[in-house]
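*Asks:* Chain residues, written in single-letter form:
Protein chains: 2
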Amino acid sequence: MAKKEENKTQKIQIRQSNKPLILVTNDDGVDAKGVRLLANIARKFGRVILVAPSGPQSGKSHAITFTSPLRISRIHAEKDFLIYKANNTPVDAVKLAQCVLLKDQKIDLLLAGINHGSNSSSSVFYSGTIAAAIEGCLNKIPSIGFSLADYSSSPHFETAEKAAHTIIQAVLENKLPENICLNVNIPNIPLEEMKGYRITRQGLNRWQEELEERFDPVGRPYYWLNGFLIETDDNEDTDEWALKNNYVSIHPIQTDLTAHSYIKTMKKWKF
Amino acid sequence: MAKKEENKTQKIQIRQSNKPLILVTNDDGVDAKGVRLLANIARKFGRVILVAPSGPQSGKSHAITFTSPLRISRIHAEKDFLIYKANNTPVDAVKLAQCVLLKDQKIDLLLAGINHGSNSSSSVFYSGTIAAAIEGCLNKIPSIGFSLADYSSSPHFETAEKAAHTIIQAVLENKLPENICLNVNIPNIPLEEMKGYRITRQGLNRWQEELEERFDPVGRPYYWLNGFLIETDDNEDTDEWALKNNYVSIHPIQTDLTAHSYIKTMKKWKF
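The listed protein sequences correspond, in order, to chains A and B. Each residue of the first sequence is one higher than the one before, counting from 17 in my numbering. Each residue of the second sequence is one higher than the one before, counting from 17 in my numbering.
Keep in mind that the hints were calculated from the coordinates and are not lab data. Possibly wrong hints are sitting among the right ones.
With a straight-line cut-off of 27 Å between C-alpha atoms, the simulated DSS-like cross-links for lysine-lysine are [stated by the list, open to error]: (1) A:284 x B:95; (2) B:286 x A:260; (3) A:260 x B:280; (4) B:122 x B:27; (5) B:95 x B:60; (6) B:27 x B:211; (7) A:178 x A:24; (8) A:178 x B:284; (9) A:60 x B:283; (10) A:280 x B:211; (11) A:283 x B:260; (12) A:284 x B:60; (13) A:283 x B:211; (14) A:211 x B:284; (15) A:211 x A:280; (16) A:35 x A:191; (17) A:280 x A:178.
Keep in mind it's a predicted model, so treat the numbers as computed, not measured.
Take the sequences, apply the hints, and build the full model.
*Replies:* Structure, rendered in structure tokens:
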């Protein structure tokens with residue numbers, strides 16, 4: 017049996033400072049290159065606490081865990097920079113950071129990513145990275161999700177680094193309104209080929225699933241979920257167009273899902 | 017070792033008919049009272065296939081599973097009514113239904129619920145029920161999520177039944193535009209107290225988490241996620257107001273998350 021430890025709360029008191037307090041998270045897990053790079057960029061702007069899932073949580077969207085207990089543990093500490101791993105999902109990690117570690121302390125900025133793979137079009141619904149940014153936004157924290165459009169282990173991080181730095185600076189200067197967060201997608205190209213920044217809308221493209229049917233050793237079927245994006249909406253104002261044309265896409269997301277323009281039509285329905 | 021079965025695809029051929037083909041799902045699991053009631057209501061309108069998670073999947077949002085295989089199995093069959101249980105999440109169930117069972121067959125309507133508990137305000141982000149409706153919408157299926165504002169085992173299902181029947185009929189008559197689905201919240205009151213139907217917007221209210229800290233037998237902390245909705249936005253046009261005032265709330269949700277009105281402002285930012 018393990019040695020009994022002292023019951024000790026995990027709430028931490030962050031050093032008072034004029035520097036912004038920045039929460040960094042992701043969905044690829046705390047050891048992913050992307051989140052470590054993002055934390056290092058964030059350190060140029062403020063005090064950083066990195067709280068991320070202990071392992072990969074891609075595709076976990078805005079899932080939260082309330083049927084089993086959550087845990088969080090510190091794995092690194094230095095001046096103005098702490099790293100924690102948490103279970104389970106990215107949104108769980110944000111809630112643990114905000115409600116356990118930083119209870120009652122104002123978070124000035126939430127950064128999620130840098131995701132390995134793009135989160136454009138309808139990927140915003142599946143992405144744990146974007147969900148973490150939306151969760152920050154729901155809690156009135158200016159929040160940005162960053163994604164690099166590549167799944168290899170050695171993508172053009174120099175482009176992602178430059179873009180993230182530029183956009184973080186712009187957000188700190190311009191502020192974001194409540195209920196709006198940013199979904200940033202960065203093309204995987206050498207920095208010198210990057211043409212600039214585009215404010216975009218979400219391309220209204222959907223995933224076409226390919227559920228590959230296989231059979232286990234006793235002949236029972238099982239399925240691997242896979243798919244590809246059907247690009248029917250790649251107009252010049254979309255995130256898809258920006259990525260394809262070597263621009264960084266900055267897509268403002270709102271947390272009000274209401275189809276306001278349709279309410280008037282629906283009010284004519286008879287019930 | 018189990019006996020080897022014949023490798024046999026699970027794709028099914030639904031009987032040709034003029035009656036709508038209706039997919040029913042939920043996040044409380046295939047055995048929940050709410051989903052069985054919804055399937056029975058749906059049977060009055062068409063041929064029904066109920067495909068739902070094998071167990072509770074509340075709070076799973078739009079999560080999908082691609083790191084482990086998916087399974088689906090039939091548990092009931094009669095004329096124009098089939099029931100399947102699927103792993104893991106509600107959105108997985110929708111994808112399995114659409115891409116494995118009903119491959120290439122048009123689904124006329126997707127119904128999710130009836131959820132045990134409301135899905136108003138920011139709950140739309142966490143709910144597996146609403147995610148299933150959004151998933152249907154992304155796939156161009158007219159989709160409705162139903163939630164009954166009560167967690168007890170014997171809520172006022174007669175009110176939910178009446179509301180669901182009325183709204184399904186209205187959707188089949190009026191159709192829904194692409195990229196818009198409905199989030200229906202039903203107050204838990206006797207039918208005679210129900211005042212009618214309101215077309216609403218999403219109340220911009222957030223959850224205040226309470227992560228309760230406990231200590232395991234060896235003194236290590238763990239946390240139970242819990243919380244309550246902070247109601248700062250309960251104007252007469254919101255879903256919250258409707259529920260509190262004994263109306264059924266019909267909230268049209270759009271799958272375009274773009275903050276269109278903010279794009280013009282952001283274009284003035286300097287990068």
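*Asks:* Hints first: check each against the structure and report whether it holds.
*Replies:* To see whether the hints hold, each was checked on the structure:
no.	hint	result
1	A:284 x B:95	violated, 36 Å
2	B:286 x A:260	holds, 22 Å
3	A:260 x B:280	holds, 22 Å
4	B:122 x B:27	holds, 14 Å
5	B:95 x B:60	holds, 13 Å
6	B:27 x B:211	violated, 44 Å
7	A:178 x A:24	violated, 41 Å
8	A:178 x B:284	holds, 20 Å
9	A:60 x B:283	holds, 25 Å
10	A:280 x B:211	holds, 20 Å
11	A:283 x B:260	holds, 20 Å
12	A:284 x B:60	holds, 25 Å
13	A:283 x B:211	holds, 16 Å
14	A:211 x B:284	holds, 18 Å
15	A:211 x A:280	violated, 41 Å
16	A:35 x A:191	holds, 15 Å
17	A:280 x A:178	violated, 44 Å
When each numbered hint is compared with the structure, violations occur for hints 1, 6, 7, 15, 17.
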